[in-house]
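Trainee: All chains, full assembly: derive it from the sequences and hints.
2 protein chains.
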Amino acid sequence: MAAPIEFYFDFSSPYGYIAAEKIDAIAAKHGREVLWRPILLGVVFKTTGMQALPGIPLKGQYALQDFPRSARYHGLPFHQPSVFPISTTAAVRAYYWLEARDPKAARALALALYRAYFVDAIDIASPDAVAGVAAKLGHVAPDVLAGLNDTATKDRTKLEVEKAMAKGVFGSPYILIDGEPFWGADRLEQVEKWLATGGW
Amino acid sequence: MAAPIEFYFDFSSPYGYIAAEKIDAIAAKHGREVLWRPILLGVVFKTTGMQALPGIPLKGQYALQDFPRSARYHGLPFHQPSVFPISTTAAVRAYYWLEARDPKAARALALALYRAYFVDAIDIASPDAVAGVAAKLGHVAPDVLAGLNDTATKDRTKLEVEKAMAKGVFGSPYILIDGEPFWGADRLEQVEKWLATGGW
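Chains A and B, in that order, are what the protein sequence lines are.
Counting from 1 along the first sequence, just add 8 to a position and that's the residue number in this note's numbering.
Counting from 1 along the second sequence, just add 8 to a position and that's the residue number in this note's numbering.
Do not rely on the hints blindly, as some may be mistaken.
For chains that are exact copies, the list does not tell them apart, and a pair is met inside one copy or across any two.
[As the list claims (entries may be wrong)] Here are the simulated PhoX-like cross-link-like pairs (lysine-lysine), alpha carbons at most 25 Å apart as the crow flies:
no.: 1; residue 1: Lys-67; residue 2: Lys-112
no.: 2; residue 1: Lys-171; residue 2: Lys-67
no.: 3; residue 1: Lys-144; residue 2: Lys-171
no.: 4; residue 1: Lys-201; residue 2: Lys-30
no.: 5; residue 1: Lys-144; residue 2: Lys-30
no.: 6; residue 1: Lys-54; residue 2: Lys-67
no.: 7; residue 1: Lys-37; residue 2: Lys-144
no.: 8; residue 1: Lys-67; residue 2: Lys-201
no.: 9; residue 1: Lys-67; residue 2: Lys-166
no.: 10; residue 1: Lys-112; residue 2: Lys-171
no.: 11; residue 1: Lys-37; residue 2: Lys-171
no.: 12; residue 1: Lys-162; residue 2: Lys-175
no.: 13; residue 1: Lys-162; residue 2: Lys-201
no.: 14; residue 1: Lys-162; residue 2: Lys-67
no.: 15; residue 1: Lys-166; residue 2: Lys-112
Since the hints were made in silico from the structure, they are not lab data.
Mentor: Structural data, given as structure tokens:
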């Protein structure tokens, strides 16, 4: 069995949301599993000197036009959050806390967090908001809050972001197939072809 | 007749090269003309505070891997130039000088300059190199050199870059369809769908 595809993403990234809605189906078509790895792009940007799209002249304005258009192109609902980007530390911590217990449930939570933020206009920055999204999936909110505040969870989150940076991850989504990197939701066609052909 | 599609590009941009090889055929399929508009991305970056890909940590390394892979994905030859990026002022001036005389010939020169730089490993930074590429298409090298040194040509070049910036152009390729902007060779599928459907 081939190693899983590595899928790195930031919960505040519209293109990460698009990829999150697509990546499992693309991988499954080619008999591959996906390892979901939320990261904190703000931490990554501090290292690389990059900045979030909205703050960049011209490019930022274009991005706000491209987000909904690209989502619609992929047949996905999208609503531009009024607070954007946001801190996603609580979301990432909740993910890794849950993943240690139930990887499938963690993935469902990740998708639910994305949809809360980019479809239902829920600001998922606070631990309470994250726990609220988890509660809708049947998790116990106080357990989630305790879990994401746990030192082990915080250390795990930090470690995963460091591991991602060590692999060269600098954006969201960032997909590794057997070490081959693909950056951006606009590389999903290439991801699919790479899986089908093993490269070109 | 609909207005032409506006195609902005920098001669030092690998993604611009990919789009240049594709855009006319895509437009023709939908009965549209293309207005080719070379720009000077270095001048644009001074305004926007952006920088060329190779200088950016992690992203620059990724780009060097993505250029040839994306070219091959599109069925195009590609050779990473050893000097990259380069000044393309001479190339842009030669384009506008020739366009004022023969727009079709100017487009052929643009493609020839791209292929010289990204396929045949010819550094097209100098006026002599640009005139050399033009000479292979049957132009008289001393005429090209005189033309690109002409004050009218220099003013025209400056004006076109300013006009592009006024329209929000911040990267290469940058395509405007009836005012709708598409940035990047990875938006060519969306460009095609937009032309076919008028939007979504």
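Trainee: Which of the listed hints are not met by the structure?
Mentor: Structure breaks hints 1, 3, 7, 11, 13 and 14.
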